[in-house]
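J.: Protein chains in written order, with the numbering used here: chain A, 1 to 237; chain E, 1 to 237.
Treat the hints loosely; a few may be bogus.
Below, computed lysine-lysine pairings styled on DSSO-like, alpha-carbon distance capped at 27 Å [stated by the list, open to error]:
(1) 137/A - 194/A
(2) 90/A - 23/A
(3) 137/A - 23/A
(4) 126/E - 137/E
(5) 137/A - 126/A
(6) 137/A - 90/A
(7) 23/E - 90/A
(8) 194/E - 90/E
(9) 137/E - 90/A
(10) 126/A - 23/A
(11) 126/A - 194/E
(12) 126/A - 126/E
(13) 23/E - 90/E
(14) 23/E - 137/E
(15) 23/E - 194/E
(16) 90/E - 23/A
(17) 23/A - 194/A
(18) 90/A - 194/E
(19) 194/A - 126/E
(20) 194/A - 126/A
(21) 23/E - 194/A
(22) 90/E - 137/A
(23) 90/A - 194/A
(24) 137/E - 90/E
(25) 126/E - 23/E
(26) 126/E - 194/E
(27) 137/E - 194/E
(28) 90/A - 90/E
If you are wondering where the hints come from, they were derived from the structure by calculation, not from laboratory data.
2 protein chains.
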Amino acid sequence: MSDQHIQSAFDRDLEQIQANIMKMGGLVESAIRLGAQSLVARDEELAEEVRRGDLAIDALEEQINEDAARVIALRAPTAIDLRLVLSVMKISANLERIGDYAKNIAKRTTVLAQMRPVEDNTVALKRMAREVELMLKDALDAYVHRDADLAEDIIERDRDVDQMYNALFREYLTFMMEDPRNITACMHLHFIAKNIERMGDHATSIAEQVVYLVTGARPDELRPKADSTSTAPPAAS
Amino acid sequence: MSDQHIQSAFDRDLEQIQANIMKMGGLVESAIRLGAQSLVARDEELAEEVRRGDLAIDALEEQINEDAARVIALRAPTAIDLRLVLSVMKISANLERIGDYAKNIAKRTTVLAQMRPVEDNTVALKRMAREVELMLKDALDAYVHRDADLAEDIIERDRDVDQMYNALFREYLTFMMEDPRNITACMHLHFIAKNIERMGDHATSIAEQVVYLVTGARPDELRPKADSTSTAPPAAS
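From just these sequences and the hints, can you work out the full model?
T.: This is the structure we're talking about:
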């Protein structure tokens, strides 16, 4: 009976924390979308808005960690329950990192807006960001519904994002070689592509948390972690 | 009396975990050093060794997280004690990320070894890596001795690392503009510089954990988090 009571109290606490995870996820999804939009539109005001918005994301992570710590201290959850609480802390850390990358894209947008535009390829970046935004949305859905199949699917999709990145890496090299005046802008665009690729890794790591929660197994070794440009010289080299 | 017993049992558990943190720290420090060395010496074998070594680092993080979770479940620590356990989890996550960056440097070393060397500037990268290695060593010392002053000092030193990165960023832009045949190699060297700068951020975040543990205050806002190239166009642009 007392166990019963503790159990349900734990569930209420956890639901509260998960609600904040979802709220954080929503803010991060829009940070990705608006960050990419500010880049394509060279919209410095929108970029500034994305940068300011990161404060709310960081505050939510702080809140989630404090609440999770309180639940652990109060309810002393064991086994599965403890794994659940630890997973929300890991997921909020992933969301915070993705938010940081979105902020970084907004920062570079401000810099790029002051430079002569490179022959338009920001559309490819926006497509890549859109793909990552969907991966994140699905990762959070998979978390809420404890859907390991959807989570595995996301881990697969990270490969596509890595391929988009690799293609852009080569494209930027070409632009730079064609016209040295493109070099500085391409360095920034390239960083943005890399940031988006890293966002995909963090969305994937949320999906891996889901697989771990549902199956108890870690899919880490299955995961295509990095881009291939660091292991194989790109065609252009 | 029973409190006494639980308390000391908790201390024993925590000491065990902290021993693994130190072991992990030692492996990561040498990964930074050997990764930089392999780059300067264009030593592919050494680079391969650094890449293999990352497995042991990841395994230790896994171990630390499991042990920390077990301690939380068994001892239900509250307040300060809980903060301590959560901090070891955060610190091991920082160490794992630094190890990943070292592995990434080793990967790019393998790629660069197959390219025509750029007018030597890997020495500057090695100096930067050395600085970060010392920051990490001091951060772990500050953790063991709960030395908030040393930790604050490390947070300051991260500014120097950011400046070294900014200088390299401009240098690589210049190399690329001077000779397009340098572009691909400089892109990789540039990524390596960025990875080292990020390592410094993670060493700093360990130092911030120490300040938090000792003072209860978060120095986040004091911290120079990113490089300035994403906010201000470099001189070369």
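J.: Please work out if residue 137/A and residue 23/A have their alpha carbons no farther apart than 27 Å.
T.: holds (12 Å)
J.: Tell me if the straight-line CA distance from residue 126/E to residue 23/E falls inside 27 Å.
T.: Measuring from Cα to Cα gives roughly 23 Å; hence the hint holds.
J.: Next pair to validate is residue 137/E with residue 90/A; report whether the Cα-Cα distance is within 27 Å.
T.: holds (25 Å)
J.: Hint check: residue 194/E vs residue 90/E, CA-CA at most 27 Å. Holds or violated?
T.: Holds - the C-alpha atoms of residue 90/E and residue 194/E are around 22 Å apart, at most 27 Å.
J.: Decide if the proposed pair is consistent with the structure: residue 23/E and residue 137/E, CA atoms, cutoff 27 Å inclusive.
T.: holds (12 Å)
J.: For residue 137/E and residue 194/E, compute the direct alpha-carbon distance and say whether it is at most 27 Å.
T.: holds (20 Å)
J.: Does residue 90/E sit within 27 Å of residue 90/A, going by the straight-line distance between their CA atoms?
T.: Holds, because 10 Å separates the two Cα atoms, which is no more than 27 Å.
J.: Does residue 194/E lie within 27 Å of residue 126/E when you go C-alpha to C-alpha?
T.: This hinted pair holds, its Cα atoms lying about 13 Å apart.
J.: Check the hint pairing residue 194/A with residue 126/A against an upper bound of 27 Å on the C-alpha distance.
T.: holds (13 Å)
J.: Decide if the proposed pair is consistent with the structure: residue 90/E and residue 137/A, CA atoms, cutoff 27 Å inclusive.
T.: holds (25 Å)
J.: Measure nothing beyond the straight line between the CA atoms of residue 23/E and residue 194/E; if it is 27 Å or shorter, mark the hint as holding.
T.: Holds: residue 23/E and residue 194/E sit about 26 Å apart, inside 27 Å.
J.: For the pair supplied as a hint, residue 23/E and residue 194/A, is the alpha-carbon distance within the 27 Å limit?
T.: Distance ~31 Å between residue 23/E and residue 194/A Cα, so the pair is violated.
The structure shown violates the earlier hints numbered 12 and 21.
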